[in-house]
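For the record, the sequence lines run as chains A and B. Numbering follows my numbering, with no gaps: position 189 of the first sequence is 189. Numbering follows my numbering, with no gaps: position 88 of the second sequence is 88.
Calculated directly from the structure, the hints in this document are not laboratory data. Mixed in with the good hints, there may be bad ones.
[Unchecked claim] With beta-carbon atoms standing in for the labels, derived distance ranges:
(1) B:LEU341 to A:ILE124: 40 to 50 Å
(2) B:LEU341 to A:ALA223: 43 to 53 Å
(3) B:ALA348 to A:GLU20: 55 to 65 Å
(4) B:ASP298 to A:ASP31: 40 to 50 Å
(5) A:ASP51 to B:GLY206: 13 to 23 Å
(6) B:GLN142 to A:ARG195: 34 to 44 Å
(7) B:LEU341 to A:PRO142: 34 to 44 Å
(8) B:SER16 to A:ILE124: 35 to 45 Å
(9) B:ASP328 to A:GLU303: 50 to 60 Å
(10) B:GLN142 to A:PRO142: 12 to 22 Å
(11) A:GLU303 to B:PRO316: 25 to 35 Å
(12) A:TRP179 to B:LYS74: 28 to 38 Å
(13) A:PHE279 to B:LEU341: 38 to 48 Å
(14) B:ASP298 to A:ALA272: 52 to 62 Å
[As the list claims (entries may be wrong)] Listed below are several chain A residues computed to face chain B (Cβ distance under 7 Å; list not exhaustive):
(15) THR106
(16) VAL110
(17) GLY182
(18) SER183
(19) LEU282
We put the beta carbon where it would ideally sit given N, CA and C, even for glycine.
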Amino acid sequence: MTNELTIAKALNQALRTAMEEDSKVLLFGEDIGKLGGVFRVTDGLHKDFGDHRVLDAPLAESGIVGTAIGLAMRGYRPVLEIQFDGFVFPAFDQIISQLAKVHRRTNGSVKLPITIRIPYGGGIGAVEHHSESPETFFAHIPGLRVLTPSDPQSAYSCLLSAIRSNDPVIFFEPKRRYWDKGSVDHTQSPADPWRARIVRTGSDVTVVAYGPMVKTALQAANASEYSLEVIDLQSLSPLDDRSIADSVERTGRLVIVHEAPGNLGLGAEIAARIGKSCFYNLEAPIERVTGYDIPYPPSKLEEHYLPDHDRILVAVDSAMEA
Amino acid sequence: MVQLLTPEGELVTHESYSLDLTHAQYKSLYREMVFVRRLDQEATALQRQGELGLWASSLGQEAAQVGSAFALEKNDFAFPTYREHGVAWMRGVDPMKIMEVYRGISNGGWDPLEHGCNSYTIVIGNQVLNGVGYAMGCTLDQSEDAVITYFGDGATAQGDVNEGFVFASTFDAPVVFFCQNNQWAISQPSEKFVKTPIYKRADGFGFPGVLVDGNDILAVIAVTKAALDRARSGAGPTLIEAFTYRMGAHTTSDDPTRYRHENDLQNWKLRDPIERLKVMLARNGIADRNFFDAIDIDADAWAHTLRAAVRSMGEPAPESIFDNVYADSHEALDAQRAAFLDYHEGFADSGVKS
């Protein structure tokens, strides 16, 4: 069964599927009940599943994550919504100090199968704290997994995988792509969300992107005079560097794209790994196209911050001309 | 302040709280407190001798800890800080598992689910929210299980504790907030940052607060049982402030002589939680000198065994540092473990260095 869905609707259907298949799955977050969340991702679920499965939380992010840990200890499988990327930091302590460490601390006795959904990234003309890309902080922490989809199909399958995981998963949703449509196949087993996937094959340059930047990378591939292979990471932790290396062994060139600031971003880690594993395959220095090392700018200036397909094309040209 | 047993060991009545225990139960409570104090004393000595990396003393807080945990049912769940040795003891945690944590063998020691007692939580106040969430789960399960979550006066400054109050109140969670006001947040006296009595803060969150003499084990039990009953009935949380005193240092790394007067300690020795129960037992003919002496001998013998066991405690295999970081399989970490083992195999003496 294939449907044309937006990313937001695909996420909504994944939540519904997860709640139908496991009565211990419950949703917890600010304004996710009758309102359906500020992006309407939980639309209709409160009506269909009720107060005991869809819980509106007081306005306190540490409280949401901290109590979800207790709920998970009691046998529940909470799926949390943090309203915006910049609002996750009050919960950072619970995520780093408890959520990531409890399984290890208890020698595997206590499992915390908690998914934390976080709309992230810019491009929606928002006020401060509503456009950030904090994924690196979480990918750096042992004990957490980090997933981010790029289109409706990956949104559906990645979110289901996150909820079914017995580990805590930080699930970043590309908010400016929420309303992008694409086909979603609910029946065929989807590509493994923990693996990177090639979304466009090519032979000259490998372009690695994730989340909102996958679409931008595909735009660049359409516009480029060269043949670009575009890889969507999906999983940011663990990082599937084997799939990237397989591609770079063929192309000899690598451009990494993300919205987050470049300094110590995921691009740095990928470059270090591929620089080692593909040292003798590389024909050019690895290029990074990222946000600048500045606080996210006011919305009238955000277009200058966000990597676009032109900046990717410049990096591709550099790689080809090296 | 609720009190049923004065510092002089006299039984007194209270208009709202009473407690009726058998003689055997009184004697058992005395025994538990003596053992918990002996555990604390032994662990402090073991730390001084280099056998433990650190120890957080529970000296003086035995009544608050043993009493509140005594009030719990088997299926209830306790969320301690790192100082609740009396609670862990009452929840059936093997003290050797506590020693593992302070010796640097393990970060958690025991299985929380087996004992209904969470791992010690070191980040101040985190466990309060975790406990409230567990209590919310009890409600969703429509069970009569309840939760007690511990914290100190210092932790009342933390956001997590205050958020815990809000969430518990919002969801009528069956949780008892048990604050041991031992009057010292390391070097800071609680009077400096507690401008309104802690128990009165409950008013602002919409649930009752009660102040209890934390060195009076009978009052602690009565007050905690009432709060747990209220929680089980679906009426929501209660904040208990157990007024007590940290007779030891914050931890073995601390030096309280730099910030508090010796007089203070001497005054609180007169309000010792174990002594006052002992006087009550003797005065009422419930126990005699033979009973007290026998317990001291038992506790000493037990502590001796504990000491030997700690000193001969083994260490986990080095490669176990990679275990249980994730619940599901994780190839990258498996590869790191394999590389770690390979590296150590390369040494002339072979095998993992220890």
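Status of the hints after comparison with the structure:
no. : hint                             : verdict
1   : B:LEU341 to A:ILE124: 40 to 50 Å : 48 Å, holds
2   : B:LEU341 to A:ALA223: 43 to 53 Å : 49 Å, holds
3   : B:ALA348 to A:GLU20: 55 to 65 Å  : 60 Å, holds
4   : B:ASP298 to A:ASP31: 40 to 50 Å  : 58 Å, violated
5   : A:ASP51 to B:GLY206: 13 to 23 Å  : 19 Å, holds
6   : B:GLN142 to A:ARG195: 34 to 44 Å : 41 Å, holds
7   : B:LEU341 to A:PRO142: 34 to 44 Å : 18 Å, violated
8   : B:SER16 to A:ILE124: 35 to 45 Å  : 56 Å, violated
9   : B:ASP328 to A:GLU303: 50 to 60 Å : 40 Å, violated
10  : B:GLN142 to A:PRO142: 12 to 22 Å : 37 Å, violated
11  : A:GLU303 to B:PRO316: 25 to 35 Å : 54 Å, violated
12  : A:TRP179 to B:LYS74: 28 to 38 Å  : 52 Å, violated
13  : A:PHE279 to B:LEU341: 38 to 48 Å : 25 Å, violated
14  : B:ASP298 to A:ALA272: 52 to 62 Å : 60 Å, holds
15  : THR106                           : 5 Å, holds
16  : VAL110                           : 6 Å, holds
17  : GLY182                           : 28 Å, violated
18  : SER183                           : 29 Å, violated
19  : LEU282                           : 22 Å, violated
The structure does not agree with the numbered hints 4, 7, 8, 9, 10, 11, 12, 13, 17, 18, 19 stated previously, though it agrees with the rest.
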